[in-house]
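A.B. asks: Sequence:
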Amino acid sequence: MMRSAVIIASAVISTAAWADTPQERINDAAVVFNEIMATPDKGIPQDLLAKAQCVVVIPSLKKGAFIVGGEYGRGFAECRQADGTGWGAPAAVRVEGGSVGFQIGGSATDVVMLVMNRHGMDRLMSDKFTLGADASVAAGPVGRTAQAATDVGLNAEILAWSRSKGAFAGLSLKGATMRPDDKENEALYGKKMTNREILASTMKPPAAAQPLIAALDKYSPRQESNGSAARQQH
Numbered sequence: 096m097m098r099s100a101v102i103i104a105s106a107v108i109s110t111a112a113w114a115d116t117p118q119e120r121i122n123d124a125a126v127v128f129n130e131i132m133a134t135p136d137k138g139i140p141q142d143l144l145a146k147a148q149c150v151v152v153i154p155s156l157k158k159g160a161f162i163v164g165g166e167y168g169r170g171f172a173e174c175r176q177a178d179g180t181g182w183g184a185p186a187a188v189r190v191e192g193g194s195v196g197f198q199i200g201g202s203a204t205d206v207v208m209l210v211m212n213r214h215g216m217d218r219l220m221s222d223k224f225t226l227g228a229d230a231s232v233a234a235g236p237v238g239r240t241a242q243a244a245t246d247v248g249l250n251a252e253i254l255a256w257s258r259s260k261g262a263f264a265g266l267s268l269k270g271a272t273m274r275p276d277d278k279e280n281e282a283l284y285g286k287k288m289t290n291r292e293i294l295a296s297t298m299k300p301p302a303a304a305q306p307l308i309a310a311l312d313k314y315s316p317r318q319e320s321n322g323s324a325a326r327q328q329h
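Count along the sequence shown from 1, then add 95; that gives the number in our numbering.
Any given hint might turn out to be false.
Stated by the list, open to error - Here are the simulated lysine-lysine pairs, BS3-like style, with alpha carbons at most 30 Å apart: (1) K286 - K223; (2) K299 - K313; (3) K313 - K137; (4) K269 - K146; (5) K286 - K299; (6) K146 - K299; (7) K269 - K137; (8) K146 - K223; (9) K299 - K278; (10) K287 - K223; (11) K260 - K313; (12) K223 - K278; (13) K287 - K299; (14) K146 - K260.
What the hints assert, rightly or not - Cβ-Cβ distance ranges computed for the label pairs, FRET-style: (15) D229 - S296: 19 to 25 Å; (16) D222 - K137: 34 to 40 Å; (17) T116 - P316: 26 to 32 Å.
To be clear, the hints were calculated from the coordinates, so they are not data collected in a lab. Please read all numbers here as calculations on a predicted model, not as lab measurements. Think of the CB as a built atom: it goes at the ideal place given N, C-alpha and C, for glycine as much as any other residue.
Work the whole structure out from these sequences, hints included.
C.D. replies: This is the structure in structure tokens:
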């Protein structure tokens with residue numbers, strides 16, 4: 096029975112891998128992010144997004160692949176450029192393993208992560224890291240602002256949310272691993288590139304990335320502007 100489950104899950108992984116191109120996955124990520132941010136009372140708090148160094152969007156994680164511990168999520172990471180001019184080029188990532196808490200009803204779940212500081216950003220550029228071990232992770236608060244959230248969640252390096260069948264909630268990803276999706280990067284950029292080379296650069300993003308960058312610019316255009324606003328409040 097378990098062997099059959101493995102075969103079925105492997106088929107799910109293969110179908111997911113071949114059904115989408117990097118361009119289509121970026122478009123899906125942009126749609127997911129826009130839809131979530133369009134419902135501020137039940138979405139990601141705007142003040143947290145303003146403070147985030149990077150955003151990771153994994154559209155349509157496959158539940159079947161997760162059951163047997165196979166590859167179950169592919170998406171993209173976007174980081175703010177160091178000069179404050181906006182969001183940089185996207186780097187492809189894979190998410191694997193994790194706890195059963197990831198299976199929030201339904202066969203597919205959209206996941207959004209905010210990387211809140213430089214240490215978390217450095218982890219994102221590494222070859223592989225484990226959420227909850229190499230980088231602290233917590234379920235993100237839901238609502239217009241995060242002011243009422245606990246300090247425990249706000250001190251995490253990475254905050255995570257999930258959306259399944261219309262329900263949006265914070266998500267614990269402890270035990271899951273994240274690594275670069277090298278084949279996806281090569282397909283997107285036409286040559287082999289590491290996530291560090293992409294995320295730490297000021298290279299011009301490919302045309303395929305514009306929908307996701309436009310979505311990020313719409314809701315959090317520039318960190319330096321946010322920083323100025325924060326200084327004015329103090």
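A.B. asks: Against each hint, give a clear statement of whether it holds in the structure.
C.D. replies: Hint by hint, here is what the structure shows:
{"no.": "1", "hint": "K286 - K223", "verdict": "holds (21 Å)"}
{"no.": "2", "hint": "K299 - K313", "verdict": "holds (19 Å)"}
{"no.": "3", "hint": "K313 - K137", "verdict": "holds (18 Å)"}
{"no.": "4", "hint": "K269 - K146", "verdict": "holds (22 Å)"}
{"no.": "5", "hint": "K286 - K299", "verdict": "holds (15 Å)"}
{"no.": "6", "hint": "K146 - K299", "verdict": "holds (23 Å)"}
{"no.": "7", "hint": "K269 - K137", "verdict": "holds (23 Å)"}
{"no.": "8", "hint": "K146 - K223", "verdict": "holds (24 Å)"}
{"no.": "9", "hint": "K299 - K278", "verdict": "holds (20 Å)"}
{"no.": "10", "hint": "K287 - K223", "verdict": "holds (17 Å)"}
{"no.": "11", "hint": "K260 - K313", "verdict": "holds (25 Å)"}
{"no.": "12", "hint": "K223 - K278", "verdict": "holds (15 Å)"}
{"no.": "13", "hint": "K287 - K299", "verdict": "holds (16 Å)"}
{"no.": "14", "hint": "K146 - K260", "verdict": "holds (28 Å)"}
{"no.": "15", "hint": "D229 - S296: 19 to 25 Å", "verdict": "holds (23 Å)"}
{"no.": "16", "hint": "D222 - K137: 34 to 40 Å", "verdict": "holds (36 Å)"}
{"no.": "17", "hint": "T116 - P316: 26 to 32 Å", "verdict": "holds (28 Å)"}
Consistency with the previously given hints is maintained throughout, with no hint failing.
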